[in-house]
Amino acid sequence: MWEQHSGVPVVEAASDWASIQELELMEGVLEAAASPWTPRYPWSSSQPRYILQTAVEDALTGGTDAEDALENAQAESEQWLEDR
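So for the sequence shown, my numbering puts the first residue at 1; every next one is plus one.
One or more of the hints may lead you astray.
[As the list claims (entries may be wrong)] Label pairs and their calculated CB-CB ranges:
#1 E12 <-> T64: 23 to 33 Å
#2 E24 <-> G63: 47 to 57 Å
#3 E78 <-> L25: 24 to 34 Å
#4 E12 <-> D65: 48 to 58 Å
#5 L52 <-> M26: 46 to 56 Å
Don't read these hints as lab results, they were simulated from the structure. Every residue gets a Cβ at the ideal spot worked out from N, C-alpha and C, and that includes glycine.
Just need the whole structure built from these sequences, with the hints factored in.
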């Protein structure tokens with residue numbers, strides 16, 4: 001559990017506690033804790049920014065035209081989100 005949650009202390013049986021079961025939203029919180037970095041916050045990832053940056057650099061250095069670069073970056077970013 002320690003490695004799975006990136007060093008965040010957790011209690012595996014917390015979902016069985018009466019005090020947790022009484023809180024309507026806690027099930028979602030506990031499920032989200034299983035993947036603390038993704039997919040909860042895909043917009044905070046550096047990967048979409050890297051995809052866009054690479055496309056812009058390619059267009060600026062003449063590797064492709066701007067329209068194609070941005071269309072490819074959009075498609076790659078959408079695919080990345082689907083794979084999360």
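Against the earlier hints, flag every one the structure doesn't satisfy and list their numbers going up.
-> The structure conflicts with hints 1 and 5, although it agrees with all the remaining ones.
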